[in-house]
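Place chain B on chain A using the hints.
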Amino acid sequence: VNPRWIAIAVAVLALIAVPYAINEPYYVNIASQILLYAIFALGLNILVGYAGLVSLGHAGLLGVAAYATAYLLASGYGHAVAIAAALVVGLLASAVFAALSLRASGISFLMITLALGEIVWGLAYRWISITNGDNGITVSSRPAPFGLSLNSATGFYNATLIIFLLAIAACAIFVHSPFGAALAGTRDQPRRMNALGFHVWMIRFWAFMFSGLLSAIAGILFVYYNQFISPQALALTASAEGLLMVISGGAGTLLGPVIGAALVVIVKNVVSAYVARWNFMLGAIFVAIVVFMPEGLVPGTVRLTRAAWRAANRPKSAPVAEQES
Amino acid sequence: MSFWLLLTVNSVTFGGLLFLLSAGFSLIFGLMRIPNLTHGSMFMVGAYLGTTFLSGTVGFTVNFWVAAIAAAIEVAILGALMERLLLRRLAGQQLAQVLVTLGVSLMVADLCLMGWGGDPISVATPEGLGGFVRAGAAVFPLYRMAVIGIAVVFAIALWLMLERTRLGAMIRAGVDDPQMARVVGIRVSRLFTIVFGLGAGLAGFAGMIGGPILSVYPGLDQDMLPLALVVVILGGTGSLLGSFVGSIIIGFIYNFGQALVPELAYFVLFLPMVLVLVLRPQGLFGGQVL
Numbered sequence: 001v002n003p004r005w006i007a008i009a010v011a012v013l014a015l016i017a018v019p020y021a022i023n024e025p026y027y028v029n030i031a032s033q034i035l036l037y038a039i040f041a042l043g044l045n046i047l048v049g050y051a052g053l054v055s056l057g058h059a060g061l062l063g064v065a066a067y068a069t070a071y072l073l074a075s076g077y078g079h080a081v082a083i084a085a086a087l088v089v090g091l092l093a094s095a096v097f098a099a100l101s102l103r104a105s106g107i108s109f110l111m112i113t114l115a116l117g118e119i120v121w122g123l124a125y126r127w128i129s130i131t132n133g134d135n136g137i138t139v140s141s142r143p144a145p146f147g148l149s150l151n152s153a154t155g156f157y158n159a160t161l162i163i164f165l166l167a168i169a170a171c172a173i174f175v176h177s178p179f180g181a182a183l184a185g186t187r188d189q190p191r192r193m194n195a196l197g198f199h200v201w202m203i204r205f206w207a208f209m210f211s212g213l214l215s216a217i218a219g220i221l222f223v224y225y226n227q228f229i230s231p232q233a234l235a236l237t238a239s240a241e242g243l244l245m246v247i248s249g250g251a252g253t254l255l256g257p258v259i260g261a262a263l264v265v266i267v268k269n270v271v272s273a274y275v276a277r278w279n280f281m282l283g284a285i286f287v288a289i290v291v292f293m294p295e296g297l298v299p300g301t302v303r304l305t306r307a308a309w310r311a312a313n314r315p316k317s318a319p320v321a322e323q324e325s
Numbered sequence: 001m002s003f004w005l006l007l008t009v010n011s012v013t014f015g016g017l018l019f020l021l022s023a024g025f026s027l028i029f030g031l032m033r034i035p036n037l038t039h040g041s042m043f044m045v046g047a048y049l050g051t052t053f054l055s056g057t058v059g060f061t062v063n064f065w066v067a068a069i070a071a072a073i074e075v076a077i078l079g080a081l082m083e084r085l086l087l088r089r090l091a092g093q094q095l096a097q098v099l100v101t102l103g104v105s106l107m108v109a110d111l112c113l114m115g116w117g118g119d120p121i122s123v124a125t126p127e128g129l130g131g132f133v134r135a136g137a138a139v140f141p142l143y144r145m146a147v148i149g150i151a152v153v154f155a156i157a158l159w160l161m162l163e164r165t166r167l168g169a170m171i172r173a174g175v176d177d178p179q180m181a182r183v184v185g186i187r188v189s190r191l192f193t194i195v196f197g198l199g200a201g202l203a204g205f206a207g208m209i210g211g212p213i214l215s216v217y218p219g220l221d222q223d224m225l226p227l228a229l230v231v232v233i234l235g236g237t238g239s240l241l242g243s244f245v246g247s248i249i250i251g252f253i254y255n256f257g258q259a260l261v262p263e264l265a266y267f268v269l270f271l272p273m274v275l276v277l278v279l280r281p282q283g284l285f286g287g288q289v290l
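So the sequences go chain by chain: A and B.
Position 239 of the first sequence, counting from 1, maps to 239 under this note's numbering, and the rest follow consecutively.
Position 152 of the second sequence, counting from 1, maps to 152 under this note's numbering, and the rest follow consecutively.
Next comes chain A alone, as it looks inside the complex (with noise of 0.2 angstroms):
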């Protein structure tokens, strides 16, 4: 047998032991988060890391989602058609963010999903009635697909975490297939995969709306674990959120987003229980990750590690040697 299955079966009994033991609801919450926040680092991945487009406007995406959900069940209608119409609204934003950012790539790319973000924060804020302004709309009941109850906090971990395993496969399987290789072939050298008969544009596309599918998925997990949807969850901070967790874990890796989401849960969770000023520590961390460890944490410590041991062991070079240099 492959080691590789043999580690993914491990991690996959770890996930579903979770619950049972740790056994405290409090806890267990968190590690449902760890897993939503995940399905939105995988997705944002999905540009960042493998289409080489970094997007600061995803929490818009995720948001847009949320609110289609919140806003069908506070007018009356059921689950499955919110959460269908939900997957339905994200898919469109997907598309017209898609359809306008790709007009460029790199930094301007950035900056207009940057701009579509805010807009779409904008409205959240300012469109009160539809989604009632910062006072935000509450959710009054979790869905229970197949008659399973998702009220306690392991119902909703089991339900949050078979989603994540599906989008990780998922993940896994379209970066592993032809379009992933087209696409990170669009990311390296966009220019000579034209050349090649690669509509570079239609791939980037259709990667903007795998990363949008499971932003919204992520929308709607959000607003049914929090019950509640406010524009807070759209604002640049969000975005900017999800990106560190993409970078903190190491774009372009499978697991990077995934450990990224755990990290950024974690420590968000520990500092807001001490202190009031995560953002503050938030920009601190995108700052120390971009200019210490570009890469991310852990093959930025690594190297960081190595390098403290090679100059702690490194022989003291004479002065006449160090003017050399």
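Check before you lean on any hint, since a few could be wrong.
[Said to hold, decoys possible] Here chain A is said to cover these stretches of chain B; the calculated rule only asks that three of the stretch's residues, wherever they fall, bring their Cβ under 8 angstroms from a Cβ of chain A:
{"id": "1", "region": "28-38"}
{"id": "2", "region": "94-104"}
{"id": "3", "region": "224-230"}
{"id": "4", "region": "241-248"}
{"id": "5", "region": "260-267"}
[What the hints assert, rightly or not] Among the chain B residues that face chain A by a calculated CB cut under 8 angstroms, a handful are:
{"id": "6", "residue": "Arg89"}
{"id": "7", "residue": "Leu90"}
{"id": "8", "residue": "Met107"}
{"id": "9", "residue": "Ala109"}
{"id": "10", "residue": "Asp110"}
{"id": "11", "residue": "Leu111"}
{"id": "12", "residue": "Ile233"}
{"id": "13", "residue": "Phe270"}
Hints in this document: simulated from the structure, not taken from any laboratory.
Idealized CB from N, CA, C, for every residue including glycine.
This is chain B only, laid out in the frame that chain A set:
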């Protein structure tokens, strides 16, 4: 009648403020090829620092204009320091630079919340400008006219600086082709610091003189940054004329939008952006495609 006239005056005033904000943003983008995501923060910090000077917390009270200029100078220094100490370390890595400005903007927002609290601070209209000018049946608020005047003066001064001075010629060369500018002996990296400081100072100044109109509150940065982005997407990057025309257009759309469809004021901003991106991706006056 007077409703529309007042709305027009407000739009032009807001456009003037946006110009002060986005001119620097556009120049920084033109020269360094990065959107400075702290630009909204600089606007807000300028306003907060200005109100602090005004309130006399620093030990002495000063005139509104002195406070505005002092705030602008401080913000300019902060901007130049950020460029030298943080962005310079990441020279050539645009994405990293943008992410650093994003991180700094989050930190600044939280620091301002810590320093000045969560309540909005209103800024008194400077003495002598609280009144109105009458022209026939129409009434114009004096302060707003003054803001328009200031914006026009700054536009002309910036234009003269860019077109008629040695420094301006160097900046234009840097915007057009940084590598060639380096080759002919222009110290482009020093220009980065100058332009970053200048842009930050302008934003800080705009924040303070916008104070009597917008007041100062947490989240002001997040309100202004997207407007600067939209202006620059609309007008084109690195072009002073582009940011001027873009600012006036956005000033009108935003104010008319807020008066006519208040719930969708943010959304109507979206329309000119969509049109420009689809029909003319380089912006109305931009040389390069975004």
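A quick look at each hint next to the structure:
1. Taking a C-beta to C-beta cut-off of 8 angstroms, the region 28-38 of chain B contributes 4 residues in contact with chain A, enough for the three needed, and the coverage statement holds.
2. Counting residues of the region 94-104 of chain B whose C-beta lies closer than 8 angstroms to any C-beta of chain A gives 9; at least three are required, and the coverage claim holds.
3. With 4 residues having a beta carbon nearer than 8 angstroms to a beta carbon of chain A, the region 224-230 of chain B meets the requirement of three or more and the stated coverage holds.
4. A stretch counts as covered by a chain when three or more of its residues have a beta carbon under 8 angstroms from one of that chain; for the region 241-248 of chain B and chain A the count is 0, and the coverage is violated.
5. Counting residues of the region 260-267 of chain B whose C-beta lies closer than 8 angstroms to any C-beta of chain A gives 6; at least three are required, and the coverage claim holds.
6. Checking Arg89(B) against chain A: minimum C-beta separation of about 6 angstroms stays under 8 angstroms; hint holds.
7. At about 7 angstroms, the closest approach between the beta carbon of Leu90(B) and any beta carbon in chain A falls short of 8 angstroms, and the interface hint on this residue holds.
8. Given the 8 angstroms rule on beta carbons, the hint for Met107(B) holds: about 4 angstroms separates it from the nearest Cβ of chain A.
9. Checking Ala109(B) against chain A: minimum C-beta separation of about 6 angstroms stays under 8 angstroms; hint holds.
10. Given hint, Asp110(B) at the interface with chain A, holds; its Cβ is 4 angstroms from that chain's nearest Cβ, closer than 8 angstroms.
11. Below 8 angstroms, beta-carbon pairs count as interface contacts, and Leu111(B) has one with chain A at about 7 angstroms; its hint therefore holds.
12. Evaluation of the Ile233(B) hint against chain A yields a held restraint, the C-beta minimum of about 7 angstroms falling below 8 angstroms.
13. With 8 angstroms as the threshold, the beta carbon of Phe270(B) comes within range of chain A, its nearest partner Cβ sitting at about 5 angstroms, so the hint holds.
Of the numbered hints listed earlier, the single one contradicted by the structure is hint 4.
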